[in-house]
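Colleague: With these hints in hand, go ahead and build the complete structure from the sequences.
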Amino acid sequence: MSQDQIAVTGKPAVPAATSASAASAGFGAFVRRNQIVEHIVLLLGVLLMMGPIAVAFTTSTHDPVTIHSEGMQLGFGNNFLPTYEAVIFEQTGFTKQVTGWGMSLNSLILGLGFAIGKIIVSMLAAYAIVYFRFPLGTLCFWIIFSTLLLPLEVRILPSYEVVQGLGLLNSYTGLILPLIASATGTFFFRQFFKSVPNELLEAARIDGAGPFRFFWDILVPLSRTMIAAIFIIMFVVGWNQYLWPILMTTDESFYTVVRGIRQILQVWIGADIPAYNEALGLAIIAMIPPVLIVIIFQRMFIKGLVESEK
Amino acid sequence: MTTLEIKQAVKRYPNGALAVKGVDVTVEEGELVVFVGPSGCGKSTLLRMVAGLESVTEGEIVLDGRLVNDIEPAHRNIAMVFQNYALYPHMTVYKNLAYGLKNRGTPKAEIDTKVREAAKLLQIGDYLERKPSQLSGGQRQRVAMGRAIVRDPAIFLFDEPLSNLDAKLRNQMRLEIKRLQRRLETAAIYVTHDQVEAMTLADRIVVLNNGEIEQIGTPAEVYGAPASTFVASFIGAPPMNLLEAQTGDGAIVIGDTHIQAPVRANGPVTLGIRPERAHLADGSGAAAGPPMQVDTVEELGAVRLIHGSVGGQHFTANQSADEPIPGDHVRLRLQPDDLHLFDHDTGRRL
Ligand SMILES: Nc1ncnc2c1ncn2[C@@H]1O[C@H](COP(=O)(O)OP(=O)(O)OP(=O)(O)O)[C@@H](O)[C@H]1O
Ligand SMILES: [Mg+2]
Numbered sequence: 234m235s236q237d238q239i240a241v242t243g244k245p246a247v248p249a250a251t252s253a254s255a256a257s258a259g260f261g262a263f264v265r266r267n268q269i270v271e272h273i274v275l276l277l278g279v280l281l282m283m284g285p286i287a288v289a290f291t292t293s294t295h296d297p298v299t300i301h302s303e304g305m306q307l308g309f310g311n312n313f314l315p316t317y318e319a320v321i322f323e324q325t326g327f328t329k330q331v332t333g334w335g336m337s338l339n340s341l342i343l344g345l346g347f348a349i350g351k352i353i354v355s356m357l358a359a360y361a362i363v364y365f366r367f368p369l370g371t372l373c374f375w376i377i378f379s380t381l382l383l384p385l386e387v388r389i390l391p392s393y394e395v396v397q398g399l400g401l402l403n404s405y406t407g408l409i410l411p412l413i414a415s416a417t418g419t420f421f422f423r424q425f426f427k428s429v430p431n432e433l434l435e436a437a438r439i440d441g442a443g444p445f446r447f448f449w450d451i452l453v454p455l456s457r458t459m460i461a462a463i464f465i466i467m468f469v470v471g472w473n474q475y476l477w478p479i480l481m482t483t484d485e486s487f488y489t490v491v492r493g494i495r496q497i498l499q500v501w502i503g504a505d506i507p508a509y510n511e512a513l514g515l516a517i518i519a520m521i522p523p524v525l526i527v528i529i530f531q532r533m534f535i536k537g538l539v540e541s542e543k
Numbered sequence: 002m003t004t005l006e007i008k009q010a011v012k013r014y015p016n017g018a019l020a021v022k023g024v025d026v027t028v029e030e031g032e033l034v035v036f037v038g039p040s041g042c043g044k045s046t047l048l049r050m051v052a053g054l055e056s057v058t059e060g061e062i063v064l065d066g067r068l069v070n071d072i073e074p075a076h077r078n079i080a081m082v083f084q085n086y087a088l089y090p091h092m093t094v095y096k097n098l099a100y101g102l103k104n105r106g107t108p109k110a111e112i113d114t115k116v117r118e119a120a121k122l123l124q125i126g127d128y129l130e131r132k133p134s135q136l137s138g139g140q141r142q143r144v145a146m147g148r149a150i151v152r153d154p155a156i157f158l159f160d161e162p163l164s165n166l167d168a169k170l171r172n173q174m175r176l177e178i179k180r181l182q183r184r185l186e187t188a189a190i191y192v193t194h195d196q197v198e199a200m201t202l203a204d205r206i207v208v209l210n211n212g213e214i215e216q217i218g219t220p221a222e223v224y225g226a227p228a229s230t231f232v233a234s235f236i237g238a239p240p241m242n243l244l245e246a247q248t249g250d251g252a253i254v255i256g257d258t259h260i261q262a263p264v265r266a267n268g269p270v271t272l273g274i275r276p277e278r279a280h281l282a283d284g285s286g287a288a289a290g291p292p293m294q295v296d297t298v299e300e301l302g303a304v305r306l307i308h309g310s311v312g313g314q315h316f317t318a319n320q321s322a323d324e325p326i327p328g329d330h331v332r333l334r335l336q337p338d339d340l341h342l343f344d345h346d347t348g349r350r351l
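Chains as they are written, first to last, in my numbering: chain A, 234 to 543; chain B, 2 to 351.
Source of the hints: derived by calculation from the structure; they are not laboratory data. We put the CB at the ideal spot given by N, CA and C, even for glycine. Check the hints yourself; a few may be wrong.
[What the hints assert, rightly or not] The calculated label-pair distances, taken between Cβ atoms and stated as ranges, are: (1) B:Asn165 to A:Leu277: 44 to 52 Å; (2) A:Val288 to B:Asp127: 56 to 64 Å; (3) A:Trp375 to B:Asn85: 25 to 33 Å; (4) A:Val395 to B:Val63: 51 to 59 Å.
Modeller: Here it is as structure tokens:
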């Protein structure tokens with residue numbers, strides 16, 4: 234429904250121009266030619282983005298020998314079911330403990346924990362910074378903000394040290410908790426809260442809403458679209474984590490999909506032809522949840538933009 | 002009975018700005034008091050001190066006999082209507098009205114009765130399930146008033162509630178607010194910088210300037226006997242003419258004309274004359290008033306504004322459109338009762 238709205242509001246100029254073309258046919262032709270050019274550009278973009286994925290998918294339906302000798306395949310092979318069955322259900326790894334399904338679950342837990350944790354922590358931090366006067370509040374914000382200059386890769390050893398010291402290696406807590414502090418999220422929520430009119434807070438105070446109620450009844454619902462946007466970004470970031478899980482987990486039952494892809498290529502090296510088809514198949518599967526998340530939340534995101542409640 | 006007493010209220014903002022400088026106001030039961038003054042004079046600040054949204058630096062706010070200086074807004078028994086409505090955008094009209102009651106722990110059935118009653122009173126019953134974004138400006142204004150009414154407060158506080166509406170709707174809503182307030186018999190403070198709103202709504206007007214009270218009185222008092230040149234020029238459109246003049250021997254001297262002074266005065270004064278009280282007489286006659294040089298005539302339909310100068314100072318007179326358009330030289334016919342004298346230095350009424 235909301236997408237239809239976008240389609241309508243997105244190009245108001247075109248119907249207007251077409252009706253004007255009754256008066257001047259030349260102008261109408263110009264508009265139509267322009268549309269063709271637009272579509273060609275869009276199609277090229279789609280090809281550029283989707284091409285590699287399509288080729289990865291078609292190639293994954295061939296057997297490893299074909300791929301190894303003939304390279305990437307543009308047509309479908311007849312290995313679709315065996316490949317994907319193996320990828321999803323076959324035990325892999327050194328210890329033969331994990332399946333593609335299990336790794337996807339791990340990735341999902343990491344992605345969700347990462348996104349939800351970051352949203353909760355950064356909303357609370359931004360709430361404190363924007364709405365409460367406490368000593369050195371601004372300084373606190375800038376300290377949080379400056380951690381943007383220290384990405385995970387820079388502080389990975391001390392982070393490892395801390396997690397190891399807490400005995401959280403090989404656990405979901407150890408995977409998620411150290412990463413959920415988010416300067417980016419805090420910054421976005423701070424900017425958003427600052428744009429909420431002050432009268433809303435005052436009206437809520439007169440209506441007897443204390444700090445907790447104001448946050449829960451007013452700010453959180455108003456932030457829906459922000460939350461959706463940050464959720465999309467953070468889920469994908471969490472899902473794609475690679476370096477951090479490698480360090481934090483040695484137990485194969487904690488393997489994520491992204492690691493699994495590499496694992497498939499690595500295990501057979503030297504001994505056999507790597508299972509290219511399975512690696513590509515797993516890559517395709519690994520793509521599905523983030524794509525779903527983007528599609529689902531993008532609707533809400535766009536709806537929020539169209540309604541523009543504030 | 003007195004609903005609200007503001008005693009020697011002072012507000013100093015943390016940055017040192019002194020916004021309210023010792024103000025005394027009382028609001029009687031059922032009375033509508035308007036705070037009026039130019040931008041930045043401290044009207045909103047004073048109102049927000051009553052609401053509890055600003056702390057009171059010095060002085061006392063007593064509401065229904067209870068000192069409320071340190072009481073949270075929610076527990077003060079007030080209701081406020083904001084300039085930009087401040088409706089909760091994500092809640093339906095119904096929930097907007099109900100939110101305050103819900104937070105007080107009012108039973109659901111009672112909330113429902115009250116919300117529907119207020120909605121009926123304000124004719125917003127058809128919109129209860131809509132979001133504020135789906136309402137027009139006037140409807141939003143009504144919802145904002147509904148939210149105030151359901152609280153059943155001791156006093157309503159309005160901060161320029163109509164300034165976001167277009168002129169026509171503003172006149173209509175102004176009347177409606179007045180009727181509603183009469184009907185509910187609840188005291189109210191109404192803040193505006195529009196003197197027409199002030200004159201039409203108020204039982205009493207409080208004219209503020211620079212954090213201090215210039216005058217408190219009924220609209221007729223404030224208009225008929227302004228306490229200072231500030232009030233004289235602020236209330237009334239077009240504003241009162243203010244002329245520098247000399248006095249002596251019970252007479253006012255403007256140029257070469259002497260007029261009988263309404264009060265005893267000596268030395269330089271400021272003479273105030275309302276435009277509609279300055280009657281024009283043909284310049285050739287031997288009428289006693291001071292001469293006026295006319296340079297522009299503005300037709301407003303029912304009335305006509307005559308701009309010109311008297312004794313070298315700008316002067317505006319107001320005449321009915323039925324009267325003939327005057328020539329370039331006229332004389333003013335003035336009644337002693339229509340003359341206002343102000344101290345030349347302090348601007349206070351003599
Ligand atoms: N939060 C604040 N901090 C410091 N000074 C303030 C603050 N709010 C208002 N002031 C100052 O206090 C004075 C009175 O402000 P106030 O908002 O009460 O004016 P007002 O009469 O309501 O004006 P307007 O008609 O423009 O709304 C102004 O000089 C203003 O600059
Ligand atoms: Mg104001």
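Colleague: Hint by hint, note whether the structure agrees.
Modeller: Going through the hints against the structure:
1. B:Asn165 to A:Leu277: 44 to 52 Å: At roughly 48 Å between Cβ atoms, A:Leu277 and B:Asn165 fall inside 44 to 52 Å, so the hint holds.
2. A:Val288 to B:Asp127: 56 to 64 Å: Given a distance of about 58 Å, which is inside 56 to 64 Å, the answer is holds.
3. A:Trp375 to B:Asn85: 25 to 33 Å: Distance hint for A:Trp375, B:Asn85 holds at roughly 31 Å.
4. A:Val395 to B:Val63: 51 to 59 Å: 57 Å, holds
Checked against the numbered hints given earlier, this structure breaks none of them.
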